[in-house]
Amino acid sequence: MYPDLEQIRARILQFIPAAQVTIVNNTGAAEQHSLLLDNAHARTIAAFLRDDADLRLDYCSNVTGVDWLDKEVTETKKVAEQQADGTEKVVEQKTKRIEPGYLEAVYHLYSIEKKSPAAIVIRLRTANRTDNVTVPSLTPVWRSCELQEREVFDLYGIVFENHPDLRRLLMWDEFKDHPMRKDYVSPDDYEWEPTPHDEVLTRAMQHYPQEEASRGDTEGAEK
Amino acid sequence: MSLSEPIPGSTIRAVHDDFHGDLLEVSMGPHHPSTHGVFRMIVTLDGEVVVKLKPVFGYLHRNHEKLAENNAYLASIPYTDRLDYLCSLTNNWAYVHAVEKLSGIEVPERAEYLRVILGELTRLINHCCLVGFLLNDLGTSFTPLLYSLRERERMLDMIEALTGSRMMCNFMRFGGLRTDVSSEWLAQLKTYLDTTFARYLDEQDALLTGNEILLARTQGVGVLKSDLAINAGITGPMLRASGINYDIRKVDKYSIYDRFDFRVPLGDHSDTYDRYMMRMLEMHESVKIIQQAIKDIPEGPFIDPKAKNRGLRPKAGEAYARIEGPKGEIGFHLISDGTGNPYRYRVRPPSLINLTVLEDMCLGQTLADTVIILGSVDIVLGEVDR
Numbered sequence: 001m002y003p004d005l006e007q008i009r010a011r012i013l014q015f016i017p018a019a020q021v022t023i024v025n026n027t028g029a030a031e032q033h034s035l036l037l038d039n040a041h042a043r044t045i046a047a048f049l050r051d052d053a054d055l056r057l058d059y060c061s062n063v064t065g066v067d068w069l070d071k072e073v074t075e076t077k078k079v080a081e082q083q084a085d086g087t088e089k090v091v092e093q094k095t096k097r098i099e100p101g102y103l104e105a106v107y108h109l110y111s112i113e114k115k116s117p118a119a120i121v122i123r124l125r126t127a128n129r130t131d132n133v134t135v136p137s138l139t140p141v142w143r144s145c146e147l148q149e150r151e152v153f154d155l156y157g158i159v160f161e162n163h164p165d166l167r168r169l170l171m172w173d174e175f176k177d178h179p180m181r182k183d184y185v186s187p188d189d190y191e192w193e194p195t196p197h198d199e200v201l202t203r204a205m206q207h208y209p210q211e212e213a214s215r216g217d218t219e220g221a222e223k
Numbered sequence: 001m002s003l004s005e006p007i008p009g010s011t012i013r014a015v016h017d018d019f020h021g022d023l024l025e026v027s028m029g030p031h032h033p034s035t036h037g038v039f040r041m042i043v044t045l046d047g048e049v050v051v052k053l054k055p056v057f058g059y060l061h062r063n064h065e066k067l068a069e070n071n072a073y074l075a076s077i078p079y080t081d082r083l084d085y086l087c088s089l090t091n092n093w094a095y096v097h098a099v100e101k102l103s104g105i106e107v108p109e110r111a112e113y114l115r116v117i118l119g120e121l122t123r124l125i126n127h128c129c130l131v132g133f134l135l136n137d138l139g140t141s142f143t144p145l146l147y148s149l150r151e152r153e154r155m156l157d158m159i160e161a162l163t164g165s166r167m168m169c170n171f172m173r174f175g176g177l178r179t180d181v182s183s184e185w186l187a188q189l190k191t192y193l194d195t196t197f198a199r200y201l202d203e204q205d206a207l208l209t210g211n212e213i214l215l216a217r218t219q220g221v222g223v224l225k226s227d228l229a230i231n232a233g234i235t236g237p238m239l240r241a242s243g244i245n246y247d248i249r250k251v252d253k254y255s256i257y258d259r260f261d262f263r264v265p266l267g268d269h270s271d272t273y274d275r276y277m278m279r280m281l282e283m284h285e286s287v288k289i290i291q292q293a294i295k296d297i298p299e300g301p302f303i304d305p306k307a308k309n310r311g312l313r314p315k316a317g318e319a320y321a322r323i324e325g326p327k328g329e330i331g332f333h334l335i336s337d338g339t340g341n342p343y344r345y346r347v348r349p350p351s352l353i354n355l356t357v358l359e360d361m362c363l364g365q366t367l368a369d370t371v372i373i374l375g376s377v378d379i380v381l382g383e384v385d386r
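So the protein lines, in turn, are chains A and B. Per the numbering used here, the very first residue in the first sequence carries number 1; after that it's consecutive. Per the numbering used here, the very first residue in the second sequence carries number 1; after that it's consecutive.
Same shape as in the complex, but just chain A (with noise of 0.2 angstroms):
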């Protein structure tokens, strides 16, 4: 019997008990339920379970990058209201407020040794989407790793710490930006046409709105 979520929780725990292991609960008919571990120890507890005689998680299939846009989360309480009557009222205040986006690296394991029955899901993830999207690289612990982290770099742009090989997969290295993220704005100009006109001349009118302001009429744009 190949040990449940829990208990490969309570394992790590026991062996590394710094580390931060949650269980992220899947909501949905699959009821894949993950791990998150905490970047600091992701490394040492990646090795662990490749390592450790009862789960041998030497196997690592598959691994997704998700972006997570920033959430606003509306937030209704009950508070007592002085009225203008000197009475107290019971109304409900709402607040709102946003909850941070962040990027995400899914790993999908199995073990070949003890053939276990489903995938463990363990997840990383970043502080937030903009200028602090590090997380460890699992690419020492399980070479395939390598190009699906390179592939996670290039698309959504988290950067893999001691990664060997860190470079783009799949667009070229002089491009920008990173194309997978939800707010990613494809480009107006994949055929550039010198008279834009039409819905290409609506889609440049919204991508460049300062150049097309500045251009004016003399770039002989139909209007």
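Treat the hints with care, since some could be wrong.
[Claimed, not checked] Below, simulated DSSO-like cross-link-like pairs (lysine-lysine); rule was C-alpha separation at most 30 angstroms, straight line:
1. A/89 / A/77
2. A/94 / B/315
3. B/52 / A/176
4. B/250 / A/115
5. B/253 / A/115
6. A/114 / A/96
7. A/176 / B/66
8. B/288 / B/315
9. A/114 / B/66
10. A/94 / A/182
11. A/114 / B/308
12. B/66 / B/225
13. B/225 / B/52
14. B/295 / A/182
15. B/295 / A/71
16. B/315 / A/77
17. A/96 / B/315
18. B/190 / B/250
19. A/77 / A/96
20. A/114 / B/52
21. A/182 / B/308
22. A/71 / A/182
23. B/190 / B/225
24. B/315 / A/176
25. B/253 / A/114
26. B/315 / A/182
27. B/288 / B/190
28. A/71 / B/250
29. B/288 / A/115
30. B/54 / B/66
31. A/115 / B/225
For the record, the hints were derived by calculation from the structure and aren't laboratory data. On a predicted model such as this, the values are computed, not experimentally measured, just so you know.
Given the coordinates of chain A, work out where chain B should sit on it, guided by the hints.
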């Protein structure tokens, strides 16, 4: 690793003196017939021996995953055909399998049998092609390939009769298949496998398996050690050629694979010849599975009538599902946010991940060997670059 150091465990001399000249960097591809598409290898040569090899990807990149995220779940099925265009039916299968897991859809008995038959037929087509192209890579200009392509066309004719298209089948649906399969079609397939295809396998065996040139060119070439193969996530016939008994049909027992009697061939020497033999032996096993499935197939619905295809909105959550494709583990990781489009749609491409160890297999071999080593990995660039 510095290029002036000798490669550990190999007999190549170090390049550090004035007599042996410079290293030569050769750009193989992207426009080269031996690379099976637009794939490029930057090979550094010492004489004729490879000392460094860097693959370059992305020439066929069209951001398949992003396109699927902007589409409804159903609309992505025809698009999965274009991943690995030799095995569109197994791509369909892996995708609908993931969506069925994500939204808890059941598949009727008859549909499972038909999926197994079509999946194994796809495996036959893929391995047929691979054996032909591998021989082509050896320089046997086109003769063995034509024998293979002849059989492939016969199987594609049957697939066309069933799905309306040779390669872009678009045939699987959530909860079953697009149409039912007639008993005449099954009988025709059975006759074909018993007669013409059995003859082709014998013919190919007699012509090639003991062929002296094939043995000389492939045995001991491109050895992949089993511990590296596991660690690098190699799957499919390539992993089993390294002697690891791991077949997802046996391990996960997805669909109805626990009902069939078939064996998993394993390699002994982890070289290119073993990888060739894996494909030949797997074809025999696939024929066995199809024959059992045709014998046992029950009557019944070919699709669950309650399964929602159009306007499917799975509950928020995620699912990873994988099947044993002809090239290795093909998996789909889907994340739903409760809307009609997947929030995240990820393909686990076996071709790309099997290329992780290309350099390790080629070091110390000659430039001509890299071509057959790449051929034995079995890649389709539509899937590598997505």
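These are the hints, each one checked on the structure:
1. Proposed proximity of residue 89 of chain A and residue 77 of chain A is supported: the alpha carbons are some 13 angstroms apart, at most 30 angstroms.
2. Of the pairs offered as hints, the one joining residue 94 of chain A and residue 315 of chain B holds, with about 27 angstroms between alpha carbons and a cut-off of 30 angstroms not exceeded.
3. This hinted pair checks out: residue 52 of chain B and residue 176 of chain A have alpha carbons roughly 29 angstroms apart, not beyond 30 angstroms.
4. Straight-line distance between C-alpha atoms of residue 250 of chain B and residue 115 of chain A comes to about 10 angstroms, which keeps the hinted pair within the 30 angstroms bound.
5. Proposed proximity of residue 253 of chain B and residue 115 of chain A is supported: the alpha carbons are some 12 angstroms apart, at most 30 angstroms.
6. This hinted pair does not check out: residue 114 of chain A and residue 96 of chain A have alpha carbons roughly 48 angstroms apart, beyond 30 angstroms.
7. With a C-alpha separation of about 17 angstroms, the suggested pairing of residue 176 of chain A with residue 66 of chain B holds against the 30 angstroms cut-off.
8. About 39 angstroms separates the Cα atoms of residue 288 of chain B and residue 315 of chain B, which puts this hinted pair outside 30 angstroms; it is violated.
9. Annotation: proposed proximity of residue 114 of chain A to residue 66 of chain B is violated, straight-line Cα distance about 35 angstroms (limit 30 angstroms).
10. Between residue 94 of chain A and residue 182 of chain A the alpha-carbon distance is near 28 angstroms, which keeps this suggested pair within the 30 angstroms criterion.
11. Between the alpha carbons of residue 114 of chain A and residue 308 of chain B the distance comes to roughly 37 angstroms, so the proposed pair goes past 30 angstroms and is violated.
12. Between residue 66 of chain B and residue 225 of chain B the alpha-carbon distance is near 36 angstroms, which puts this suggested pair outside the 30 angstroms criterion.
13. Under the criterion of a C-alpha separation no larger than 30 angstroms, the hint pairing residue 225 of chain B with residue 52 of chain B is consistent with the structure, at around 18 angstroms.
14. About 49 angstroms separates the Cα atoms of residue 295 of chain B and residue 182 of chain A, which puts this hinted pair outside 30 angstroms; it is violated.
15. Proposed proximity of residue 295 of chain B and residue 71 of chain A is contradicted: the alpha carbons are some 55 angstroms apart, above 30 angstroms.
16. Pair hint residue 315 of chain B plus residue 77 of chain A holds up; C-alpha atoms about 28 angstroms apart against a cutoff of 30 angstroms.
17. At most 30 angstroms may separate the alpha-carbon atoms for a hinted pair to count; residue 96 of chain A and residue 315 of chain B meet this at roughly 25 angstroms.
18. Our distance criterion of 30 angstroms between C-alpha atoms is met by residue 190 of chain B and residue 250 of chain B, whose separation comes to about 24 angstroms.
19. Simply put, residue 77 of chain A and residue 96 of chain A have alpha-carbon atoms about 11 angstroms apart, close enough for the 30 angstroms limit, and the pair holds.
20. Restraint check: the Cα-Cα separation between residue 114 of chain A and residue 52 of chain B comes to about 35 angstroms, which exceeds 30 angstroms; the hinted pair is violated.
21. About 27 angstroms separates the Cα atoms of residue 182 of chain A and residue 308 of chain B, which keeps this hinted pair within 30 angstroms; it holds.
22. The straight-line distance between the Cα atoms of residue 71 of chain A and residue 182 of chain A is roughly 13 angstroms, inside the 30 angstroms bound, and the hint therefore holds.
23. Pair hint residue 190 of chain B plus residue 225 of chain B does not hold up; C-alpha atoms about 39 angstroms apart against a cutoff of 30 angstroms.
24. Proposed proximity of residue 315 of chain B and residue 176 of chain A is contradicted: the alpha carbons are some 35 angstroms apart, above 30 angstroms.
25. Taking the CA atoms of residue 253 of chain B and residue 114 of chain A, the gap is about 15 angstroms. The hint holds against a cut of 30 angstroms.
26. Restraint check for residue 315 of chain B and residue 182 of chain A: satisfied, since their Cα atoms lie roughly 20 angstroms apart, inside the 30 angstroms limit.
27. Straight-line distance between C-alpha atoms of residue 288 of chain B and residue 190 of chain B comes to about 11 angstroms, which keeps the hinted pair within the 30 angstroms bound.
28. Taken as a hint, the residue 71 of chain A and residue 250 of chain B pair is broken in the structure, with Cα atoms around 43 angstroms apart against an allowance of 30 angstroms.
29. Proximity of residue 288 of chain B to residue 115 of chain A is assessed by CA-CA distance (about 25 angstroms); at most 30 angstroms being required, the pair is judged to hold.
30. Between residue 54 of chain B and residue 66 of chain B, the direct Cα distance comes to roughly 27 angstroms. Compliance with the 30 angstroms bound is thereby established for this hinted pair.
31. Using a Cα cut-off of 30 angstroms, the hinted pair residue 115 of chain A and residue 225 of chain B holds, with the two alpha carbons roughly 20 angstroms apart.
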